[in-house]
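Undergrad: Sequence:
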Amino acid sequence: MHMREPMDKKILLMNFLTTVGIFVIATLLAVAFFHYSRNSTSVAIIYVLAVMLVARYTSGYVPGVVASFLGVACVNYVFTYPFMHLNFSIDGYPVTFVAMAVISGLTSMLTTQSKKQNQILNEQEKFLMEAEKETMRANLLRAVSHDLRTPLTGIIGMADAYLADSGRLTEDEKSYMVRSISEDANWLLNMVENLLSVTRIRVGGTRVNTSPEPLEEVVSEAVQRLRKRLPQAKVQVQVPEEFLMVPMDAMLIEQVIINLLENAVYHSGTEKIDLYVVREEECVSFHIRDYGRGIAPERLEVIFDGGGTEGNESGDSHRGMGIGLSICKTIIHAHEGSIHVNNWEQGAEFIFTLPLREDKGNGKQTNHFGY
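When you number the sequence shown by my numbering, it's gap-free, plus one each residue, and the end is 433.
Please note: incorrect hints may appear among the correct ones.
Dumping the calculated DMTMM-like pairs for lysine to aspartate or glutamate here, alpha-carbon to alpha-carbon at most 25 Å [stated by the list, open to error]:
1) 195 - 336
2) 178 - 70
3) 290 - 311
4) 236 - 222
5) 296 - 407
6) 334 - 245
7) 188 - 398
8) 296 - 279
9) 290 - 245
10) 296 - 255
11) 296 - 245
12) 290 - 367
13) 290 - 336
14) 334 - 344
15) 188 - 367
16) 195 - 234
17) 334 - 303
18) 296 - 233
19) 334 - 411
Please keep in mind that the hints were generated in silico from the structure rather than gathered at the bench.
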């Protein structure tokens, strides 16, 4: 209660100063117009505009209503005969000033109502953004519980078996166990990188800081990083021949490409992956296509919500992509792009888009390079 009183006084003071300031400026303009035109109609219009500004830049209905009557008084007192006197008795004056008061009052109320509606819409939008972030957080936590627990279980199981039976194991069996532990550890490292990538998105915001980046270099760097993890993967890349600078956070988009390529490798059951980029009118679209069995139809709409591609029978059963795909969605939406997945004749295809700020050239040719 004690905190509210100073705030109310501050609001009242700001409303008062704003109203006085606007009317001082309006009066100076009205004097200048009246000096050259001797027409009180233009003066009345200036004061109606002043009432609109008061309603726009003050809080509540009262300042606007007060301003409408103040405007009528100013026009009557300063700019109509007999000058410097209030007189509403001359023929025609009552109707004129009542009309001006009504117009000013309605203008004030409509402006204030519009401002309040905009405030309500902004609050609703903020609430929806908070709800979306809470949903994303819940999906990530659910994905973490699955995607991190299973590799850890595999590492612990293999390590315990190796320690318990190391004397009876053959060299091939030891190599297999060590390789499995290494693969699971690398998978965990990838998951940690995914989680860390989210921290690059500004806290409390839904967008990232972007700068124009060369498209071909970003794609090439992502594929090279994938090769270090999965040397056996063969990725056929196709990018537009024209030199494209795309607004993005390069590290985040590289992480998205790596996530989708790894998902294609692990869940397609093949080593062949197509990555091609298409230059659209207002965006660039990235296509990651595999040659596996595709994704169950019921999973297509919810695959980015943290559940991964568990419905895909051809995938590695212990490696879900819940974290990776959820983070891909978060990153792309933070870039004001879109991401979706569909099945084609020979497998699954993930597609995401990034907006272009500038429209340069219409090149249709493409560069091809394989890794």
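Undergrad: The structure should be examined with respect to each hint, and the outcome stated for every one.
TA: Evaluation of the provided hints:
Between the alpha carbons of residue 195 and residue 336 the distance comes to roughly 32 Å, so the proposed pair goes past 25 Å and is violated. About 18 Å separates the Cα atoms of residue 178 and residue 70, which keeps this hinted pair within 25 Å; it holds. Pair hint residue 290 plus residue 311 holds up; C-alpha atoms about 22 Å apart against a cutoff of 25 Å. For the given pair, residue 236 sits about 12 Å from residue 222 by alpha-carbon distance, which is consistent with the 25 Å threshold.
The hinted pair formed by residue 296 and residue 407 meets the criterion: a straight-line CA distance of about 20 Å does not exceed 25 Å. The suggested pairing of residue 334 with residue 245 holds, with an alpha-carbon distance near 20 Å, which does not exceed 25 Å. At most 25 Å may separate the alpha-carbon atoms for a hinted pair to count; residue 188 and residue 398 meet this at roughly 17 Å. At most 25 Å may separate the alpha-carbon atoms for a hinted pair to count; residue 296 and residue 279 meet this at roughly 18 Å.
About 12 Å separates the Cα atoms of residue 290 and residue 245, which keeps this hinted pair within 25 Å; it holds. For the given pair, residue 296 sits about 23 Å from residue 255 by alpha-carbon distance, which is consistent with the 25 Å threshold. Proximity of residue 296 to residue 245 is assessed by CA-CA distance (about 18 Å); at most 25 Å being required, the pair is judged to hold. For the hint pairing residue 290 with residue 367, the CA-to-CA distance comes to about 28 Å; that exceeds 25 Å, so the pair is violated.
About 18 Å separates the Cα atoms of residue 290 and residue 336, which keeps this hinted pair within 25 Å; it holds. A hinted pair counts as satisfied when its Cα atoms are at most 25 Å apart, and residue 334 with residue 344 does not qualify at roughly 30 Å. Straight-line distance between C-alpha atoms of residue 188 and residue 367 comes to about 21 Å, which keeps the hinted pair within the 25 Å bound. For the hint linking residue 195 to residue 234, the alpha-carbon distance of about 48 Å lies beyond 25 Å, and the restraint is violated.
Straight-line distance between C-alpha atoms of residue 334 and residue 303 comes to about 23 Å, which keeps the hinted pair within the 25 Å bound. For the suggested pair residue 296 and residue 233, the alpha carbons sit about 29 Å apart, so the restraint of at most 25 Å is broken. Taking the CA atoms of residue 334 and residue 411, the gap is about 13 Å. The hint holds against a cut of 25 Å.
Hint violations for this structure: numbers 1, 12, 14, 16, 18, all remaining hints satisfied.
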